[in-house]
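Chemist: In order, the protein sequence lines correspond to chains A and B. Each step along the first sequence adds one to the number in my numbering, with nothing skipped, and position 90 is 90. Every position in the second sequence, counted from 1, becomes a number in my numbering once 1000 is added.
Some hints here could point you the wrong way.
[What the hints assert, rightly or not] Far from chain A, some chain B residues (derived; all Cβ distances over 10 Å):
id	residue
1	E1057
2	S1107
3	T1115
4	R1117
5	Q1119
[To be verified] Some chain A residues judged to face chain B by a derived CB distance under 8 Å, without partners named:
id	residue
6	P53
7	S105
8	Q107
9	V109
10	V114
11	S116
12	A372
13	S375
14	Y386
15	A387
[To be verified] Keeping only pairs whose Cα atoms sit at most 20 Å apart, straight-line, the calculated SDA-like set for lysine to any residue is:
id	chain 1	residue 1	chain 2	residue 2
16	A	K286	B	P1034
17	B	K1090	A	N385
18	A	K286	B	L1123
19	A	K447	B	P1034
20	A	K286	B	D1094
21	B	K1090	A	T379
22	B	K1090	A	A117
23	B	K1090	A	T465
24	B	K1090	A	G382
25	B	K1090	A	S384
26	A	K286	B	G1073
27	A	K286	B	G1096
28	A	K286	B	L1097
29	B	K1090	A	A408
30	B	K1090	A	W383
31	A	K286	B	T1074
32	B	K1090	A	S389
33	B	K1090	A	S128
34	A	K286	B	G1070
35	B	K1090	B	L1123
36	A	K286	B	Y1093
37	A	K286	B	V1072
38	B	K1090	A	S467
39	B	K1090	B	D1037
40	B	K1090	A	V381
Just so you know, these hints were derived from the structure itself, not from any lab. The model shown is predicted, which means the values in this text are computed figures rather than measured ones. In this text, a Cβ means the ideal position worked out from N, Cα and C, and glycines have one as well.
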Amino acid sequence: MRTISGLLAFGFVFGLAGCSAGLDMALETGATTFEPGTLIAHVYPTSDSGLLPQTFVVVPQVDGYGFIDLDLAQTVNLTGTLTALLSHPWNAVNAPTTAEPFAGSIQVVKPGTVQSAAVRPDSEGLFSLQVPAGPGYQLYLTPDDPTISPASGEAGLNFGGDQDLSREIAAGVPIFGRITAAGVGVGSAPLALTRLEPGPQATSAAFYTDDDGWFVARAPGPGSYVITVQSGLSVAGAVLPSAQGFVTVAEDGGSVNIDLGKLAAAVLTGTIVDEAGDPVRDAQVKLRSSTLDDVSGSVEVTATTDANGSYVARLIPGQFTAEVLPAYESTWSPTSVPMRVEAGSNDMGIIALSGWQTVNGVVNLPGGGQAANVSVTATQVGWSNYAYSTTTDALGAYTLNLPATDFAVECSPASDSGAAVTRVDLPLGGDPSIMLVAGALVQGVVKSEAGVTAYAVIEIRDAATDSVLGTAMSGDDGTFSLSVDLPTEPIEGAGDTGDTGDTGGDTGDTGGDTGTDTGAADTGA
Amino acid sequence: MSVSLLTTLSGCLDFRPVPWQEPNASPEMRTVYPDADTTVSITAQGAQAVGVIVEDEDTVTFIWSLSRDGYVGTATPIPASEHAQGSQIKLAYDPGLDGQTLTCVVSDGLSEDLTFRWQLEVL
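Working from the sequences, and respecting the hints, build out all of it.
Modeler: Next up, the structure:
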């Protein structure tokens, strides 16, 4: 570690406050408010450490990232009993007064981080959760049956130590309505209710319309909500497009009706074969609508091929794209085919899959010379996002057998190679030669109150894009080091990122830091 | 009898000392998260990471699979320190994962495999 100047120390303290508030703001609004070069570090400690995965924000200073302290918070126990005042679905006024054990799930999560825990309480409503200590948590209570008890959320929870999180869930108010298709009620349609405001966007478990298309669900209170019709097959076997209906709920509830349009039945059949004409089994056929006839919304249905390579899917008329995705262990490439689906039977015939390609490439060091012993991972762009890995030989050469698609290739050289984890696009048929970049050095130590934390996995991401820049593991002394290739302009002039005087930060996380190092990391709280 | 046997053997066999070879060591677990043999709860609020890092002087393979869906093709390696090798997957919210068992088999191809299992629960 090294001593930093007073100006940097000043910037560091406020940098923590600023970045910490920025993270929460970004997480809650979905905005990317980070300064260029800001990194996110997800830390996964070894399970026998008694510590849990945690996320840090790493703010660049004027001359780099310095030596980063990733100070893991201790684990806190959240226990308690959940009970719920269950209501008859249509009862808005005469709320029940007898609470029963809560049947559902409880989740505590810090948005945008890896800090979360979820569990189902037992039959008595008792539960126990463990999360890292700190502020900025949200709590979600999701009952199994949203027709008698509302899904709800709370924000701004601070867990400084073990805590009793017992709650009695109020009965809420009813939201009711009807789902129809060209005026006719749609039975067994799967629905979900999401609260838009106020408070966190709690989404209910699925609930269903009755035989005539009517539904009712409980909302936690007045506010703005959206009812979502979930795309796919209904329990009754009808194909439903996705749809939404917005509703404002008052003190005594609210209502909304959604008409899906004309739903004509269509059945699609086809066969998937390989280059030799032999059937390909266990391939997924993902059918996504681009436009639907007489219906708004969209439909996505997945079918799987049988031993004869045949598949059957129920749809509604419209223009679709079929993505054929062979299983990972196969040696066939995915393909995509547009198709027009009419009411009634549709035979799409035979789709033939091509084989794999062999990619022979060389990885070179930034200053020239071949890069030996580099981990090379090619990840499919789109499709199934399958990943294939190998290691370069002494001459920096690598060979990968890959499906015939576009790939993104990540090269991870040894930490002492002077090269950064480097990502390049490898389009189908493209040049597989890769030049490593020097990148920016990220080094530091993983520790906690108990001392250094060995063998923790540190995943470094670009805060602006959330893309993974590299992964390292802490050694016996808790230290780690890796070079990363920043896709955004990094460090120059970024030392004042925290000088905005933002007061929303978590000063608690700076406690005990004497400011004698440049560890610009915070738990993002 | 013994003498004649030894005499005979020494006349037809080479008794030079054979170098002792240490048996190949199995991969040694360094980090696993979450704890193996536990239930991993997957929710709509972000992907759940599951990872294994082992130490072995040989090249190690990590094979991930789901009890119903078969092989998991999205695992990525974790480049670690010398002799340490790892693999990680991210489990996004998917109701179809509920009730499945996730298994990671770690093998150096020369000695006994290491196997880690997690029960998946979608909440």
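Chemist: If we take the beta carbon of T1115 (chain B), is the closest beta carbon in chain A still more than 10 Å away?
Modeler: holds (16 Å)
Chemist: Answer holds if the nearest beta-carbon of chain B is closer than 8 Å to that of V114 (chain A); otherwise answer violated.
Modeler: holds (7 Å)
Chemist: What's the verdict on K286 (chain A) and G1070 (chain B), does the C-alpha distance respect the 20 Å limit or exceed it?
Modeler: holds (18 Å)
Chemist: Between the alpha carbons of K286 (chain A) and T1074 (chain B), is the straight-line distance 20 Å or under?
Modeler: holds (18 Å)
Chemist: Report holds or violated for the interface hint on A387 (chain A), using the least CB-CB distance to chain B and a cut-off of 8 Å.
Modeler: Since chain B brings a Cβ to about 5 Å from A387 (chain A), closer than 8 Å, the hint holds.
Chemist: Within a Cα-Cα threshold of 20 Å, do K1090 (chain B) and S389 (chain A) meet the stated pairing?
Modeler: holds (17 Å)
Chemist: Would the pair K1090 (chain B) and S467 (chain A) pass a check requiring their Cα atoms to be no farther apart than 20 Å?
Modeler: Since the Cα atoms of K1090 (chain B) and S467 (chain A) sit roughly 14 Å apart, the hinted pair holds (cutoff 20 Å).
Chemist: Go through the hint on S375 (chain A) and say holds or violated, using the shortest Cβ distance to chain B against 8 Å.
Modeler: Holds, about 5 Å.
Chemist: Against the 20 Å threshold, does the CA-CA distance of K1090 (chain B) and T379 (chain A) hold or violate the hint?
Modeler: holds (14 Å)
Chemist: Under 8 Å is the threshold here; is the Cβ of A372 (chain A) close enough to any Cβ of chain B for the hint to stand?
Modeler: violated (14 Å)
Chemist: What's the verdict on K286 (chain A) and L1097 (chain B), does the C-alpha distance respect the 20 Å limit or exceed it?
Modeler: holds (18 Å)
Chemist: Is the straight-line distance between the alpha-carbon of K1090 (chain B) and that of V381 (chain A) 20 Å or less?
Modeler: Answer holds: K1090 (chain B) to V381 (chain A) is near 16 Å, not above 20 Å.
Violated hints, in rising order: 12, 16, 18 and 33; the structure is consistent with all others.
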